[in-house]
Structures are given as C-alpha cells and as structure tokens.
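Let the hints inform the model, and build the full structure from the sequences given.
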Amino acid sequence: MGGKDAMISKDAKSSNAATSSGAKGKKEVKKETGLGLSYKKDDNFGEWYSEVVVNGEMIEYYDISGCYILRPWAVSIWEIMHNFFDAEIKKMNIKNCYFPLFVSSTVLQKEKDHIEGFAPEVAWVTKSGESELEVPIAIRPTSETVMYPYFSKWIRGHRDLPLRLNQWCNVVRWEFSNPTPFIRSREFLWQEGHTAFATKEEADGEVLDILELYRRIYEEFLAVPVIKGKKSEHEKFAGGLYTTTVEAFVPNTGRGVQGATSHCLGQNFAKMFEINFENEKGERAMVWQNSWAYTTRTIGVMIMVHGDDKGLVLPPKVASLQVIVVPVPYKDADTKGIFDACASTVKSLNEAGFRAEADYRDNYSPGWKYSHWEMKGVPLRIEIGPKDLANNTVRAVRRDNSSKNDIPMADLVEQVKVMLDNIQQSLFDAAKQRRDTCIQTVYTWEEFAEALSKKKMILAPWCDEEEVEKDVKTRTKGEMGAAKSLCSPFEQPALPEGTLCFASGKPAKKWTYWGRSY
Amino acid sequence: MGALRLPSLTSLSSAAAAAAPRYHFYRQLCLPLRSVSAAKFSVQSSTVEKEIAATPPELEPTSQKPRLQPEKDRVITPRSQDFNAWYLDIIANAELADYGPVRGTMVIRPYGYAIWEAIQDYLNVKFKETGHSNMYFPQFIPYSFIEKEASHVEGFSPELALVTVGGGKELEEKLVVRPTSETIVNHMFTQWIHSYRDLPLMINQWANVTRWEMRTKPFVRTLEFLWQEGHTAHASPEEAEKEALQMIDVYTKFAYEQAAIPVVVGRKSKVETFAGASKTYTIEAMMGDRKALQAGTSHNLGQNFSRAFGTQFMDENGERQHVWQTSWAISTRFIGGIIMTHGDDAGLMLPPNLAPIQVIVVPIWKKADDKAGVLDAASSVKETLQAAGIRVKCDDAEQRTPGWKFNFWEMKGVPLRIEIGPRDVSNRSVVVCRRDIPGKQGKVFGISMESPTLVAYVKGKLDEVQSSLLESAKSFRDGNISDVSSYSELREAIAQGKWARGPWSASDDEELKVKEETGATIRCFPFEQPEGAKKCLMTGNPAEEVAIFAKSY
Numbered sequence: 001m002g003g004k005d006a007m008i009s010k011d012a013k014s015s016n017a018a019t020s021s022g023a024k025g026k027k028e029v030k031k032e033t034g035l036g037l038s039y040k041k042d043d044n045f046g047e048w049y050s051e052v053v054v055n056g057e058m059i060e061y062y063d064i065s066g067c068y069i070l071r072p073w074a075v076s077i078w079e080i081m082h083n084f085f086d087a088e089i090k091k092m093n094i095k096n097c098y099f100p101l102f103v104s105s106t107v108l109q110k111e112k113d114h115i116e117g118f119a120p121e122v123a124w125v126t127k128s129g130e131s132e133l134e135v136p137i138a139i140r141p142t143s144e145t146v147m148y149p150y151f152s153k154w155i156r157g158h159r160d161l162p163l164r165l166n167q168w169c170n171v172v173r174w175e176f177s178n179p180t181p182f183i184r185s186r187e188f189l190w191q192e193g194h195t196a197f198a199t200k201e202e203a204d205g206e207v208l209d210i211l212e213l214y215r216r217i218y219e220e221f222l223a224v225p226v227i228k229g230k231k232s233e234h235e236k237f238a239g240g241l242y243t244t245t246v247e248a249f250v251p252n253t254g255r256g257v258q259g260a261t262s263h264c265l266g267q268n269f270a271k272m273f274e275i276n277f278e279n280e281k282g283e284r285a286m287v288w289q290n291s292w293a294y295t296t297r298t299i300g301v302m303i304m305v306h307g308d309d310k311g312l313v314l315p316p317k318v319a320s321l322q323v324i325v326v327p328v329p330y331k332d333a334d335t336k337g338i339f340d341a342c343a344s345t346v347k348s349l350n351e352a353g354f355r356a357e358a359d360y361r362d363n364y365s366p367g368w369k370y371s372h373w374e375m376k377g378v379p380l381r382i383e384i385g386p387k388d389l390a391n392n393t394v395r396a397v398r399r400d401n402s403s404k405n406d407i408p409m410a411d412l413v414e415q416v417k418v419m420l421d422n423i424q425q426s427l428f429d430a431a432k433q434r435r436d437t438c439i440q441t442v443y444t445w446e447e448f449a450e451a452l453s454k455k456k457m458i459l460a461p462w463c464d465e466e467e468v469e470k471d472v473k474t475r476t477k478g479e480m481g482a483a484k485s486l487c488s489p490f491e492q493p494a495l496p497e498g499t500l501c502f503a504s505g506k507p508a509k510k511w512t513y514w515g516r517s518y
Numbered sequence: 001m002g003a004l005r006l007p008s009l010t011s012l013s014s015a016a017a018a019a020a021p022r023y024h025f026y027r028q029l030c031l032p033l034r035s036v037s038a039a040k041f042s043v044q045s046s047t048v049e050k051e052i053a054a055t056p057p058e059l060e061p062t063s064q065k066p067r068l069q070p071e072k073d074r075v076i077t078p079r080s081q082d083f084n085a086w087y088l089d090i091i092a093n094a095e096l097a098d099y100g101p102v103r104g105t106m107v108i109r110p111y112g113y114a115i116w117e118a119i120q121d122y123l124n125v126k127f128k129e130t131g132h133s134n135m136y137f138p139q140f141i142p143y144s145f146i147e148k149e150a151s152h153v154e155g156f157s158p159e160l161a162l163v164t165v166g167g168g169k170e171l172e173e174k175l176v177v178r179p180t181s182e183t184i185v186n187h188m189f190t191q192w193i194h195s196y197r198d199l200p201l202m203i204n205q206w207a208n209v210t211r212w213e214m215r216t217k218p219f220v221r222t223l224e225f226l227w228q229e230g231h232t233a234h235a236s237p238e239e240a241e242k243e244a245l246q247m248i249d250v251y252t253k254f255a256y257e258q259a260a261i262p263v264v265v266g267r268k269s270k271v272e273t274f275a276g277a278s279k280t281y282t283i284e285a286m287m288g289d290r291k292a293l294q295a296g297t298s299h300n301l302g303q304n305f306s307r308a309f310g311t312q313f314m315d316e317n318g319e320r321q322h323v324w325q326t327s328w329a330i331s332t333r334f335i336g337g338i339i340m341t342h343g344d345d346a347g348l349m350l351p352p353n354l355a356p357i358q359v360i361v362v363p364i365w366k367k368a369d370d371k372a373g374v375l376d377a378a379s380s381v382k383e384t385l386q387a388a389g390i391r392v393k394c395d396d397a398e399q400r401t402p403g404w405k406f407n408f409w410e411m412k413g414v415p416l417r418i419e420i421g422p423r424d425v426s427n428r429s430v431v432v433c434r435r436d437i438p439g440k441q442g443k444v445f446g447i448s449m450e451s452p453t454l455v456a457y458v459k460g461k462l463d464e465v466q467s468s469l470l471e472s473a474k475s476f477r478d479g480n481i482s483d484v485s486s487y488s489e490l491r492e493a494i495a496q497g498k499w500a501r502g503p504w505s506a507s508d509d510e511e512l513k514v515k516e517e518t519g520a521t522i523r524c525f526p527f528e529q530p531e532g533a534k535k536c537l538m539t540g541n542p543a544e545e546v547a548i549f550a551k552s553y
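Protein sequence lines, in the order shown, are assigned to chains F and L. Mapping of the first sequence onto my numbering: position 378 corresponds to residue 378, and the numbering continues sequentially without gaps. Mapping of the second sequence onto my numbering: position 521 corresponds to residue 521, and the numbering continues sequentially without gaps.
Worth flagging that the hints you see were computed from the coordinates, not collected in a lab. Certain hints may be false.
[Stated by the list, open to error] In silico lysine-lysine, BS3-like type, Cα no more than 27 Å apart, as pairs: (1) F:Lys90 to L:Lys393; (2) F:Lys90 to L:Lys459; (3) L:Lys169 to F:Lys110; (4) L:Lys459 to F:Lys91; (5) F:Lys455 to F:Lys470; (6) L:Lys405 to F:Lys153; (7) F:Lys417 to L:Lys128; (8) F:Lys470 to F:Lys484; (9) F:Lys281 to L:Lys366; (10) L:Lys169 to F:Lys127; (11) L:Lys174 to F:Lys127.
[What the hints assert, rightly or not] So these bits of chain L aren't anywhere near chain F, every CB distance computed over 10 Å: (12) Ser236; (13) Gly497; (14) Asp508.
Just so it is clear, CB atoms sit at the ideal spot from N, CA and C, and this is done for glycine as well.
Written out as structure tokens, the structure is:
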C-alpha cells in the first residue's frame, strides 16, 4: 500500500500546482531552512504578499483556486477581533443567531437589484449523493434574502422592534477575477449584522455606531488608518439606501480597500419581503433596515500595510504571541540558568496578561529563531544570554524598528508594557504618515490623471452624478484597472462656492476620494 | 409572497409535518389546563395577538410565511402525551429555532444560539488548555479527496451535497460541501508534517457541515449543522489513543458539569464505528423518552487516513512512518439533548451553567403608587446580580401580567425567578423561585435584597439547581437501564422503552439482527464495566464486556 500512497500524494501535488492559479510563487515543498522572502515589498508587491502570507504561516494555498486554509496564526487574529466586536455589539443589545447556508433560488431572486449584484457569483448545489436535486440550491453569498422572510414573520408590533441580529459565518462568492488571500477569496469568514427599526433615525444612528466599531478595529487593533465616509450611488450596496464605509489604502499598490461597510437599507427590502409592524397608533408601517459586515479581508489589509521584507509585522493588540523569548546559550555558558531565566520571564509576562512564549527548540540556532519569529511578525523578541544572565537583564528587540533595549529583570513587566504600547502606536503613526503622503488634492482632470498615475489616493471636488462616475471609469480603464470613487469623507474640507467638478466641470457638491481599489 | 410557497419551503421535515395535525388536536386538549390564565391573558393581550389567534391553522397552504407553529399562542403539548410534538412545541415557543427555507435546514434563533455560545465558550477554553489551536479549512472539498479513504466515502457518499456550478459555469471537478473534514485535513497535514518535531499537530475548527439527510429534526438532525471538529496527528499509536480518550473525557466532563446530562461514556461497536476510524468513543445520553442520543464522539483514526493520503513523518531514527490520528466533534445536536433531557410539561429547563438567562426578575405591582418603588427595587436587584457576574434579566413590560411572565419564563427554562412586590420592597427582601421545583415548594420568601446576602444566596441556589438537574437525570437514567442476560430479556427491556445492558461477544451479523428485530443498536461498550465472568446474552459464549443496547435518535 505504501508505494501506491506515495504516488497518490505526488499526483495530488502536481494537480495542485496545475489547478491552483492563486498559488503563484508557491514552492513545491516547504523547506525547513528556507527562511526569508525571495521578493521585496517595494520591488514586487504581489509576489511579496503571496509569499509572506504563506511563510508567515497565515495561509496555506489549496487545490481549489480562491479557497485558502486559514492557519492558527491567522485565526487567532480573527478571534481577537471577534472577541472585541462581539462584546461591543452585545452591549448594544444585538443578538447572535445562525441562518442556513442554503438558499432556494426563488428566495434569492426576490430582490431584483440585490440579486443582479450577486447572481453571477453564486455557487449552486445540484446533487445530493447520486441524485439530482429537483431545484438547484444556492450557497449564500450574503444573507439578506435568507433572513428577511423571517423578519417578516417575527416582527408584528412595535414591541418586536428593534430586531437586531448578527451572525458569524462563512459566505461564498464564486468570482473569477484574480483571487488574493484574505483580500478576495471565494469563501470567506465574516460577521453580518441585520437589524430592523421603527424609525429611520434609529437606523441612521446604528449605521454610524457600527461604523465607529469598524474604525476601531482598523485603527485601534490593526493599527491601520482608515477614512470614514459614504459610498457614491454607483458604489453603494445593491438594493440599499446608502452605504457608509471605512476606507483603507495600500501605498505600495496605490489602491484603496473597502475596509468594512455599514449599510442603511431603507425600506426597500421591507417592501419586497413585507416586513411590516403595527405602530403605537395601531397603523401598519414598514420597518427601516440596516446591514453591516466586516470580513477576514481585515487581516489582508493589515499584512499589506505593515509587512516588510523580513515578513509579517503584527500589531501587539492582535498578535496571538506578543513576546517571543529566545535563549541564547554559548558553549561554556550556564545553559540551565539561561533556560530558567527564560521560563521565569515567560511566567511573569503571562501572569501580567501578556501573550508570551519561549522557543527552547534545540535543533535551531538563535539566529534561525530570530528570523523565524520576525517572519511571523511577533512584535517583541526577548533574548537572554550569559551576559544578560550575569547582569540580571534581558535584551528586548522590537520587530517594527529593530531597536534594542536592555531591560533590568526587575522592570520587565512595566517596560514590556511600555514597549508594546509604543509599537502599537508607532505602527499606526507610521502607517498614517505613509498613507497621508499618498493623499493628493486635485481640481482638474489633468491633475487627477497625473495623481492616478502616481498611485495616489485622490481627493477631488465632484458633482456627485452617477453618469460622471461611470465616465471616469471609462476614461481611466487600462491595465491597472479603472479608477472609481472610494468615498466621500464625513470630514469634508471647505468647498468654496464656484468650485467645479474635476471630471465634468459642473459645480461641485462635495469632496470625494478617488483611486484604484481592490 | 408566491416565492415562499415553493415545494422546498412547504414540504417541511417529515417529523415536523407528522407532528402538525396532532398539534392542533392537543391544543384543544391543553386549553382547559390553562383556561384561567388564558382568560387573564385575553384581557391583556394586544391586538396583534388577537389577530394571530384568529388566523387559520398555521400549516394551511395559504399561510404566507415560513411558519410552522404559532409563536404567541404558548401552549405546549404535554411531554407524556407526545414527546415529539412536545419537543417541537418547545423549540417554537421558546424561540430556540425555526425551520429554514430549504427542507431540513434550521434557523438558530438568538436564544438557541446563546446556548451554543455557552457551549463554545466552555469547550474552546478546554481545547486550548489541552494544546489545540483553532484554524479554518475551506468548506469545499474536491470529490477526489473524499474518494481516497474507501470506507469513508462509502459511509458518507449518499449524504454528500455537491456543488457543480459556480459563477455561472459548470465546474471542472464537482465539489463536496464538507460533511466532515478528515480528508482535507489529511491533505494538508501531508504537506505540513515532515519530521517527528512537527508532531503532535493538534488543531480544531468551529464550522458548519452539511449532510443531506432525509429524516430531519431540529437540532438533532439537520442538513446543515454547526460543530467543532478536532483533528490531531501523533508519532505513536499510544499517543493517538491517549488523545482520543482525553477528548472524550473533556466531553464527558462538559456533559456532567455544564449540561447536567449524565452521559454514559464508552466505545462503539465495530458496526457503529465512524467511517474510517479504528475506534470510536462516544458519550450517550438518555432522553426523556428514553431513546439514546449520541452526544459527542472521539475517534482514534489509527493510520487509515494517513495511509490513504500518504501523511508521513521522519521518526527519530530517520525512518519514514505514517502518522497516527484522531478526530472528535460536538455539534448543535447537543442543544437537542439538553431540551430532551431536562424539559418538562411547562417547557424548557436549562442548566444554570449554560442558561443564557440564569435569573429573571419579575416586578409585581397593582396600585400605581407602588409601581415606582417596585421597579426601582427590581432594577437595583438586577444590577446587583449582574455586577456579580450572574446572567440576569428584568421583565418590566407593562402589557403583561406577572402570571403571564411566570409562565413565559418557565417555558423558556430560566433556572431562577425573583419576584418583587410592594411588601417585599418595604421588607427589603425578595422571593426566589426555582424552575425545577414547581409551586410553593420551590419558593423561598424573605431573602434580603442587600448585595452580599442576595448574591451569595442566588449563586448557591444556581448551584443547587445545577446539581439537582444532574441528580434527577441520573436517577431517571439508572431507573431505565435494565441488566439483561438473554436475548429475550433484551427484547423485553427494549419493548418497554428501556436501555438494555448485557454481556456481548456475538458477531456483527447478530448485532444487525438485534437492530432489525428490536430497533435497538449497541450504543456503546461502557467504560464502566461490572466485575466477574460474563456470558454473551446472544450466544452464551464467554464475553469480556457488557454492551448497552437502545433505540436512538
């Protein structure tokens, strides 16, 4: 049986390489000693990214193109964000639930605009076992149409409102455009919130409350600066009233990323799904609805913004391992003493609430371990060698700027806390500075075209007409992909009277960010 | 709404459809039992409720919404009359779940999902303490993976959901919506495991899985369900065996200590072993109708999958070996187990450790003058308990009578109720009532509402409820297991609806014969075995172990 097995496994590998278009730069066999990245972030960003997500042990490529395996290193980040967000929405009295993965095609097609947006991407179950299903069943691309018949059933009177539900689940969108780990995958994890209110004011309020949580996930946890704003009519959620977004930016590619969106659906779905209630006056009224989501894409944005030529750089708040302790024994040194010091360092840090571990493996050199944990992006490394032992100190090395500090053992917890806080802050500051230098304000088409060619995030006065946006898309079509509006920021710079739209020359109504995007 | 009247929507799961006519019959039967309170409600009930009461039977084809049973009409079929109808009534009325839009699927509503979250919170910590990391594997598995392990594909192929069209195109290879992840896990383990230093590899994932079952029942058996699946790889058979046992032990402790379900832990017979496993360990729970529910399993996979997938490692002597593996899982089925273990005619009864709401506070006032004082006291009691980490809710809705609220929260299975009336306010005390002891016996008056006393009292009571649920389930279980020493005794015990425990060393064929003739299967060879020499109940040959036979879900 052994020989046959070996063949099967070889076949699997070669078919893997052949079918997995997303597995660029993937090595046939992971080399144990092959540390370091073969691409530089600034030279070849795409290859660098494909490599860093694998070598950092976040992702493993898989035989089905566009599907990725999320390894513990990535899932732990997802869990930390989950814990934060879940607790916050529970404070807001939003409840978790779970709706089925399977959608019948008629339900799916109930909202016309909505399904037009999703239909081309749906995956269909057509068989169970050996038998054909009478009617193919869809796998949810999002759950509006799955959930809202139940909203219609559950909501009767004003006392049933607000109905505020959320679910953590997987969704499937069978896209054919270039799959990218985390950023665009055919199956991804997300939370989707779906809520119904008696009044538009309440719905409007929640849209912004949720958007603020999304900002906090990016800025406070992932240390990625985002811009809050509203999507254009053209870019808003299909079937909704308006869409708010937190937009991030990846300077290396000059592309905006829709970080997370919070939609006010208005009453459109309520109308289609007959979600009515009896108000306090005994009249029938339609509910106002929202939906909002963030996905595993967050992790991809973080990697793209902070990663460097040595690998991942994880912000301390989301790193499942914040401090890695590496013993540095020498030939004649007191190895046991060093190991003991490592153990007690880990112990003090764990007790103080930090996520710390020691790497005692004896088949790797300290140098190998440094590179390994740098690749994985651990924010802080503590080295303990004979000299440190003698001085009763440890050496702490920051992942983000490689700065070294000798810390007295007595101040360990205090100093580590300060350093981790500093790393978190300076990652954000550095990312913000890089992002800000990419923002360019333009007034004319010429300026716009030039800024676009320089991969800028462009702030321009706009007439806010859908036709004009479509025109901008057509005019910028090219190898790199067309430019589109990213968002109109809530914080609007002054717009003096008489300012004209950069694209149409008509009077401008607002400032809007433009650029290429993921 | 025509769209919702699809065959897939209206042809609800068979169990439910069968229950429906009975339901209407029992609704009438039940009415006298609650006529007093029902009359009270009608005075108070909102127009909305009247509307619903006036609607024709819910399963009539003209029904426009995906509903099975009325929600607001809170009458539950007595458990003793029709266990299945009772079960479905509880799920509907306690708002645990609803039927999904596709036959055999289920919507888990917030109250049901909160129980699942409590299960997750406990187990997730235990998995991490025992060295497992969470990860996430894709939901789609190439069909060719499933085919690699022969008995595995045989076991699962009739239940596989297959995706053949994606993004408007026919797919080159059909994809399986995961029924379980052994195959994809092994495919990846093969790439990750090189040397003994990479072992043990111990992971877990929380995910949804799909099995296209024909006979479905909410929580117990649905086309899609939520679960955790652990997968580990080890360097030696001993380690794998130890891991499989360790995880069934985690499940056993969870069942006893959190769910108050006195499961019987043991090993599955060869016939009942998981498709592709060498050994399957199981926890078997006795439901209120005395049928068995397999509530969690842990498999020692041996080298079956590692041989099929070529998952090898270099051992310390530089020799290549196949890894030894385990997998183990608990699913949303467990929620069905909780309902069917503890529930009674009044509804759900939740063990305090898993209850989304442990204490319900009901303020009671008649005169307008008393209202403010009572509400103040109720909310301060709520805050006191909340600050102590107790999951508490105050039901101060004005449109419902206290009597209605008592029934409602009993039906929802909340372990403790605190009543506060004007007299209690002036005495600075509260009344505490236990869900598991009905009437006056479960009621204690005059408990101080001052923080330290109240908190200590409530915590103590919750512990009492927790352990008394376990105790009563235990005595129910023990009273319904018969020791048998012959096949005729076995048949008799099964005919009486009991579990039969007796020595067994007969063949697989004879085991299948028992199933055919009595409907009972071997649930497990329990770890706890009686001492002394034994003779097989079927053949009279010497037997090493007793087995437990029962009908099961």
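### Query
Is Asp508 of chain L truly not at the interface, in the sense that its beta carbon sits beyond 10 Å from all beta carbons of chain F?
Fine: 24 Å to the nearest Cβ keeps Asp508 of chain L off the interface.
### Message
Hinted pair, alpha-carbon criterion (27 Å max): Lys169 of chain L, Lys127 of chain F. Please report holds or violated.
### Response
Roughly 16 Å between the alpha carbons, so the hint for Lys169 of chain L and Lys127 of chain F holds.
### Task
For the pair we were handed, Lys281 of chain F and Lys366 of chain L, check the Cα-Cα distance against 27 Å.
The given pair, whose Cα atoms are some 26 Å apart, holds under the 27 Å limit.
### Query
Hey, does Ser236 of chain L actually stay past 10 Å from chain F on C-beta?
Non-interface label on Ser236 of chain L holds, nearest chain F Cβ at 18 Å vs cutoff 10 Å.
### Task
Would you mind confirming whether the straight-line C-alpha gap from Lys417 of chain F to Lys128 of chain L stays at or under 27 Å?
With a Cα-Cα distance of about 25 Å, the restraint between Lys417 of chain F and Lys128 of chain L holds, given a limit of 27 Å.
### Message
Tell me if the straight-line CA distance from Lys455 of chain F to Lys470 of chain F falls inside 27 Å.
### Response
20 Å, holds
### Message
Checking one constraint from the list: CA of Lys90 of chain F to CA of Lys393 of chain L, max 27 Å. Satisfied?
### Response
Given that 27 Å is the threshold and the Cα spacing comes to 14 Å, the pair holds.
### Query
Straight-line Cα separation of Lys459 of chain L and Lys91 of chain F no greater than 27 Å?
Since the Cα atoms of Lys459 of chain L and Lys91 of chain F sit roughly 23 Å apart, the hinted pair holds (cutoff 27 Å).
### Task
Grab the minimum beta-carbon distance between Gly497 of chain L and chain F and tell me whether it stays above 10 Å.
33 Å, holds
### Query
Within a Cα-Cα threshold of 27 Å, do Lys90 of chain F and Lys459 of chain L meet the stated pairing?
23 Å, holds
#### Entry: Given pair status - Lys484 of chain F, Lys470 of chain F, alpha carbons within 27 Å
The hint holds at about 8 Å.
### Task
Verify the proposed pairing of Lys405 of chain L with Lys153 of chain F, using a straight-line Cα cut of 27 Å.
23 Å, holds
The structure fails none of the hints (numbered hints given earlier).
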